[in-house]
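Colleague: What follows is each chain in one-letter form.
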Amino acid sequence: MIPSADYIRILPEIVLAIFGMIVMVADPFFDEKSDRHALGVVSAIGLVAALGATFYMAQYPGTAFFNMVRVDAFSVFFHVVAILVSLAAVLMSFEYVERQKIRHGEWYGLILLGTVGMGLMASAIELVMIFIALEISSIATYILAGFRRNAAESSESSLKYFLLGSFATAFFLYGVALMFGATGSTNVDMIGASLRNGAPTMAYLAMALMFVGIGFKVATAPFQVWTPDVYEGAPTPIVALMSSGPKAAAFAVLLRVLFGTQAPGWFWLVWVSAVLSMCLGNLGALVQSNVKRMLAYSSIAHAGYLLVAFAAVRHTDAGISAAMFYAASYAAMNVGAFAVVSHFASLGERYTYIDAYAGLGRRSPILAGLLTLFLLSLIGIPFTGGFFAKFYVFTAALRSELVGLTIIGVINSAVAAYYYLRLIVYMYMREPLTDEPVVPVRFGAGFAMAMCAAATIYLGVLPNRVLGYALESARTLVR
Amino acid sequence: MNTASFNPYILTLVTFLPTLGAVLLLIFPRRERDIRWFALAISLITFLLSLHLPWHYRNGAEGFQYELDKAWITTPNIHYHVGVDGISLWLVVLTTFLMPICVLASWKSIHDRVKEFFILMLLLETAMIGVFIALDLFLFYFFWEATLIPMALLIGMYGHERRIYAAVKFFLFTMVASVFMLAAIIWLYAKTGSFDFVVIQQMIASGQLTLSSTAALWLFLGFFVAFAVKVPLFPLHTWLPDAHVEAPTAGSILLAGVLLKMGTYGLLRFNLGLFPDEAHRHQPWIMALALIGIIYGALVAMVQPNMKKLIAYSSVSHLGFVVLGIFSFTQLGIDGAVYQMLNHGVSTGALFLLAGQIYDRRHTYEIKDYGGLATHMPVYATFFLVITLSSIGLPLLNGFIGEFLILAGSFQAKAVYGILGATGVIWSAAYMLWLYQRMFYGNVTHEVNATLRDIDGRERTAVWPLAIASVVMGVAPMVWMNAIDAASVRVVEHTGGQVQQIGEVLGTGTPTNHLNQAQPDNASSQPSAEEHGR
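Residue numbers (my numbering), protein chains in the order written: chain A, 14 to 492; chain B, 345 to 878.
These are computed hints drawn from the structure, not numbers from a lab.
Please read these numbers as outputs of a predicted model, since none were measured by experiment.
Hints should not be assumed to be uniformly reliable.
Partial list, derived from the structure: chain A residues whose beta carbon lies under 10 Å from chain B [unchecked claim]:
id, residue
1, L293
2, G393
3, I394
4, F400
5, F404
6, V428
7, V438
8, L446
9, R455
10, L480
11, L484
The beta carbon of each residue, even a glycine, is placed where N, CA and C say it ideally should be.
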């Protein structure tokens with residue numbers, strides 16, 4: 014008999030799944046030509062309900078379903094991030110799906126179901142459960158990436174993402190199997206207990222394989238090669254989603270697996286991966302002329318900064334909370350940037366090249382202003398969330414005496430300023446190529462942008478509460 | 345009503361009033377005339393409010409005044425800690441003083457995207473004031489970086505032909521350099537658990553925080569690089585001429601008038617304040633760089649065909665003086681350095697203002713396009729002459745006091761510094777007077793120059809305050825010096841240099857009565873505790 018509190022502990026997922034199915038089922042009932050705006054609104058309501066469910070769930074901490082999932086501050090934190098990211102993606106889809114003539118039902122349904130996966134990733138404490146959650150969220154994004162059916166690059170994006178993604182999840186599964194062999198359990202806590210008395214060689218191998226799998230999901234070097242192509246081809250709201258939501262959830266998994274099991278021998282793995290991600294990401298971004306590709310490389314670099322926090326092993330709570338804060342503020346600024354890009358790209362995603370942004374400051378001061386805010390945050394300028402994110406990460410690293418890693422990170426963030434700045438320069442300091450006015454932002458996308466802007470500034474001026482919560486979660490994680 | 349009751353909040357008010365103005369401008373309708381008047385009103389009110397600071401400043405008191413210390417972020421332990429001493433007091437007033445002038449200078453020359461322009465200007469004002477009042481290292485860095493964006497955008501959006509290049513260069517130079525400062529700040533935090541300047545200074549001075557010699561070296565350099573780029577100290581000055589030439593007039597005034605001072609202020613406050621021993625150790629090469637800057641800047645200024653570039657290089661030279669004064673570790677030198685910061689803000693700000701006024705008429709900065717202006721623009725020529733003489737350092741004008749004190753201080757430090765530095769005075773006379781001669785005397789070589797209007801009421805309103813300030817600061821330096829001197833005495837005690845009462849030099853009685861007998865040797869280790877009043 015499963016106690017009813019267990020169902021509360023997966024309430025957000027239940028809510029999301031129900032709404033996802035409602036949206037899918039309701040779709041055919043609409044007349045061929047009618048306005049299916051309502052589906053988007055229903056999905057948004059579903060996400061808000063899931064958010065409410067998350068806060069309700071937060072009052073029932075503990076494990077559920079035979080130690081499959083655990084509700085703690087940590088999982089609540091990532092639930093909130095993932096749901097808000099999906100909400101922003103849904104809001105900016107209102108306009109997008111209509112303009113690009115995409116079928117509403119599947120689109121919204123898949124976003125909601127993908128969010129189920131992300132939520133489960135945040136709370137799963139059992140490796141098989143993690144694997145299933147990973148697949149739920151991945152498969153949704155594989156399909157969503159190919160939704161611009163008429164565009165070849167979208168199909169390329171989907172196929173590439175799917176093939177490489179499946180390959181990577183196989184690695185993860187292989188790692189899970191080996192871990193089971195090494196410790197006799199797939200539960201994170203029990204693995205931790207078992208590894209405390211010395212780790213067999215197989216555990217090291219298992220750790221490395223799992224790292225490969227998750228490394229792919231979060232796009233850290235050297236598993237990052239797919240990122241630019243996939244991001245370029247996929248529909249922009251989906252890029253916004255998958256570069257923040259599933260990514261944050263995958264980082265949650267990585268945190269759980271690495272710190273929850275107190276597994277051995279991953280320090281140098283993370284160190285090397287962090288350095289490679291930062292350097293390759295930033296160098297790649299320097300030479301891009303397509304804004305989506307540039308943001309793709311930048312997302313690789315940001316994954317690198319985030320890994321720096323992982324390496325801060327001597328003060329794990331500082332490191333973990335820094336990583337969590339980073340994931341949250343990266344989600345805010347990155348989704349915001351993609352929201353602007355998505356709106357501006359217009360029909361068939363025509364305007365994604367940097368030349369098209371010339372003079373945007375004149376053509377649409379508000380869009381340009383918002384994008385500037387998000388880019389400044391990505392650079393890490395004070396008064397924005399990006400600043401404190403980097404700040405906490407590097408402080409944590411320094412407290413663990415990782416001077417070399419910090420220096421590499423700091424130099425990288427200085428280099429990164431260049432390519433973000435280039436976009437700002439184009440927007441404000443070049444003359445527009447056309448005088449054609451930018452299509453006014455509609456409510457949905459506008460709300461998504463405002464939400465991200467508010468979050469970016471909030472995290473940059475009053476980071477106290479979020480960081481405090483992250484610290485608390487970090488303590489529940491390592492204990 | 346007793347205005348002194350505002351004391352704890354006055355700094356916050358002065359700092360954030362411009363931001364409030366910027367936010368209001370954001371929702372302002374795009375009526376350019378109203379926007380200008382509104383910006384002028386805000387900047388004037390800010391200036392008037394900032395006069396509260398010298399009005400209620402207690403000259404004899406130790407430590408920082410108008411302090412406000414509130415916890416802002418708990419982890420890490422960041423405070424909103426602001427306050428001023430005699431050094432930063434006048435820099436704040438300088439900033440607020442220059443601001444209305446900048447608004448007036450942009451009155452007609454900015455006609456495109458006016459709203460954005462004034463929003464950026466007001467945001468810049470907040471950030472600049474914030475730099476001078478922040479007593480929390482983190483807060484300081486916060487404001488320091490925050491000056492960067494508006495300034496880069498001002499150059500890039502409203503500048504001249506090569507504005508993008510100049511803006512990006514300015515941004516990258518400053519950004520990369522300040523990253524090192526951030527690293528140093530974080531390192532200090534990791535060791536001390538505090539960002540508070542006063543606390544960290546005490547911990548270092550009292551030996552509670554022992555720095556290994558390598559750590560001290562890197563920390564010193566981390567701060568130093570960030571400030572040296574801003575000053576700019578040779579050979580990190582290359583962004584400055586580009587930025588100045590391309591910037592709009594108001595941008596140049598603020599860049600020369602205030603942003604460069606942030607560099608010298610930082611050197612004085614943080615490099616000397618936190619790492620006095622390191623500062624002493626590195627004195628020779630820093631002095632050498634300052635001297636190279638003085639002479640090289642002057643020589644390069646002399647051959648510039650472009651008047652804005654000439655003034656820009658003269659800034660390199662003048663700021664070399666300031667660094668010379670700071671690293672002389674003498675009270676005279678530091679007094680002079682602080683005073684020279686103010687002078688340079690006034691006189692170079694005025695030069696850029698005047699250059700901008702003639703540019704509005706002729707749209708060129710090339711010196712050869714002018715000549716014989718004195719006959720047709722007598723008022724303009726007179727103002728230009730006064731400011732030129734003030735910049736050169738003619739006695740009875742402000743530049744003289746600063747240069748004299750700096751040179752006196754550097755002679756005390758080592759004769760050779762003084763001798764080489766003194767040549768700078770000659771150079772500056774040469775290039776400035778030559779500039780004046782080429783522009784204003786001789787025959788009118790270009791027809792069009794004979795038809796130029798003299799400066800009008802608005803333009804005169806902008807120049808008058810600067811001209812008056814040049815004269816008053818030259819005649820009655822003690823008005824400023826009382827506060828400066830008290831603060832620099834403490835810097836000197838802290839760094840273990842020579843203390844000498846300024847009254848002896850300037851021949852006026854002064855209220856500074858303490859520690860004439862301070863021993864140079866042990867001074868660096870003992871003060872702090874009761875000194876900084878915490």
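Colleague: Take the hints in turn and mark each one as holding or not.
Modeller: Checked hints:
{"no.": "1", "hint": "L293", "verdict": "violated (20 Å)"}
{"no.": "2", "hint": "G393", "verdict": "holds (9 Å)"}
{"no.": "3", "hint": "I394", "verdict": "holds (6 Å)"}
{"no.": "4", "hint": "F400", "verdict": "holds (8 Å)"}
{"no.": "5", "hint": "F404", "verdict": "holds (7 Å)"}
{"no.": "6", "hint": "V428", "verdict": "holds (9 Å)"}
{"no.": "7", "hint": "V438", "verdict": "holds (6 Å)"}
{"no.": "8", "hint": "L446", "verdict": "violated (16 Å)"}
{"no.": "9", "hint": "R455", "verdict": "violated (21 Å)"}
{"no.": "10", "hint": "L480", "verdict": "holds (6 Å)"}
{"no.": "11", "hint": "L484", "verdict": "holds (6 Å)"}
Against the hints set out earlier in the document, violations occur for numbers 1, 8 and 9.
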